[in-house]
Amino acid sequence: MTQRRGAAVLSIVAGVAFAAHAVDTAGITAFSAMDPAQPIPPSWYEIKLTRLKPPEFTLVRDDGATVLRSNADSAGGSLVHRVDVDPKGKPRLAWRWKIDHVVEGGDLTRPEGDDYAARVYVMFDLPLSELPLGLRTKVRLARLLHSDVPSAAICYVWDNRQPVGTIRPNTHVGNVRMIVLRSGPEGAGKWAAESRDLDADFRAAFAGVTTQPTPRIVGVAVGNDTDQTHGSVTAWFGDLRIEAAR
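Mapping of the sequence shown onto the working numbering: residues 1 to 246, in sequence order.
Simulated from the structure, these hints should not be mistaken for lab results. Just so you know, not all the hints are guaranteed correct.
Said to hold, decoys possible - Label pairs and their computed distance ranges (CB to CB): (1) 164 with 244: 23 to 29 Å; (2) 232 with 37: 22 to 28 Å; (3) 51 with 211: 24 to 30 Å; (4) 208 with 56: 35 to 41 Å; (5) 204 with 37: 40 to 46 Å; (6) 64 with 100: 17 to 23 Å; (7) 241 with 140: 30 to 36 Å; (8) 133 with 61: 46 to 52 Å; (9) 41 with 189: 25 to 31 Å; (10) 204 with 129: 18 to 24 Å; (11) 213 with 61: 40 to 46 Å; (12) 27 with 48: 20 to 26 Å; (13) 58 with 244: 29 to 35 Å.
Claimed, not checked - Straight-line alpha carbon distances no greater than 30 Å define the calculated DSBU-like cross-link-like pairs of lysine-lysine that follow: (14) 88 with 138; (15) 190 with 53; (16) 48 with 190; (17) 53 with 138; (18) 48 with 138.
Backbone N, C-alpha and C define an ideal beta-carbon position, used for all residues, glycine too.
Please take these sequences and the hints and turn them into a complete structure.
Now the structure itself:
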């Protein structure tokens, strides 16, 4: 299961495939502009992994707007959107999210507990030379299977036990940093708004890896997972927006 989860995490970042060379805009297609009766547009595309059941992604009306609902029943996966953002402008990523409950058996400190009620990924095009040798080798091997895997990612999570503000490497993939934004059952069933300074978060998350400026931001992803703990959880995501620094 550990190898499968590692491949799942890599498949999410692999889906971006250095999107900085493929898109011209940082705009993220808004869920609120979509019709719940229509399919999710291809600008948001699903990353699936063989032998891993994906969450059920659907558009629904909630709180007067169209939002994305992700239901993970012993499942894991993400919807990815490519972007091309220069971090020199100190951009912020803003969104709102909601969960029905936390993943009771989740524990981001253990590989077998790597499940989350909701998560938002941000992918960065960090030069591979900036990674430690061992991690650099792992990414190169991953690229044999998954094309041009971006070298670094942040995963913001709604956790069940770790304190808000916790930052630590993913237990399966060393070039992904987990940042706990919400923790515990408080707030479940209610919308919560987030706004993150991507430059500051990257520098905090990868302080021990690179001293170079924050690299270009090449993709975002949303989803949830329960494939390790075999439960069921539902998350809702409102629009993701990349905003200028305040």
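Now for the hints, and whether the structure bears them out:
Between residue 164 and residue 244, the C-beta spacing of about 25 Å keeps the proposed range 23 to 29 Å intact. Range check, residue 232 to residue 37: Cβ separation about 25 Å, and the 22 to 28 Å hint holds. A C-beta distance of roughly 39 Å is found between residue 51 and residue 211, which places it outside the suggested range of 24 to 30 Å. Roughly 38 Å separates the CB atoms of residue 208 and residue 56, a value that falls within the hinted 35 to 41 Å.
Remark: the range hint 40 to 46 Å for residue 204 to residue 37 is upheld by a beta-carbon distance near 42 Å. Remark: the range hint 17 to 23 Å for residue 64 to residue 100 is upheld by a beta-carbon distance near 19 Å. Roughly 34 Å separates the CB atoms of residue 241 and residue 140, a value that falls within the hinted 30 to 36 Å. Remark: the range hint 46 to 52 Å for residue 133 to residue 61 is upheld by a beta-carbon distance near 50 Å.
Distance hint for residue 41 and residue 189: a CB-CB separation of about 28 Å, consistent with the stated range 25 to 31 Å. Look at residue 204 against residue 129: about 21 Å separates their beta carbons, and that is inside 18 to 24 Å. Against the hinted window of 40 to 46 Å, the Cβ-Cβ separation of residue 213 and residue 61 comes to about 42 Å, which satisfies the hint. For residue 27 and residue 48, the Cβ-Cβ distance of about 25 Å falls inside the hinted range of 20 to 26 Å, so the restraint holds.
Roughly 32 Å separates the CB atoms of residue 58 and residue 244, a value that falls within the hinted 29 to 35 Å. Among the hinted pairs, residue 88 with residue 138 is consistent with the structure: their alpha-carbon atoms are about 29 Å apart, no more than 30 Å. Our distance criterion of 30 Å between C-alpha atoms is met by residue 190 and residue 53, whose separation comes to about 27 Å. Distance restraint check for residue 48 and residue 190: the Cα-Cα separation of roughly 29 Å lies within the 30 Å cut-off, and the hinted pair is therefore satisfied.
Restraint check: the Cα-Cα separation between residue 53 and residue 138 comes to about 25 Å, which is no more than 30 Å; the hinted pair holds. For the hint pairing residue 48 with residue 138, the CA-to-CA distance comes to about 21 Å; that is within 30 Å, so the pair holds.
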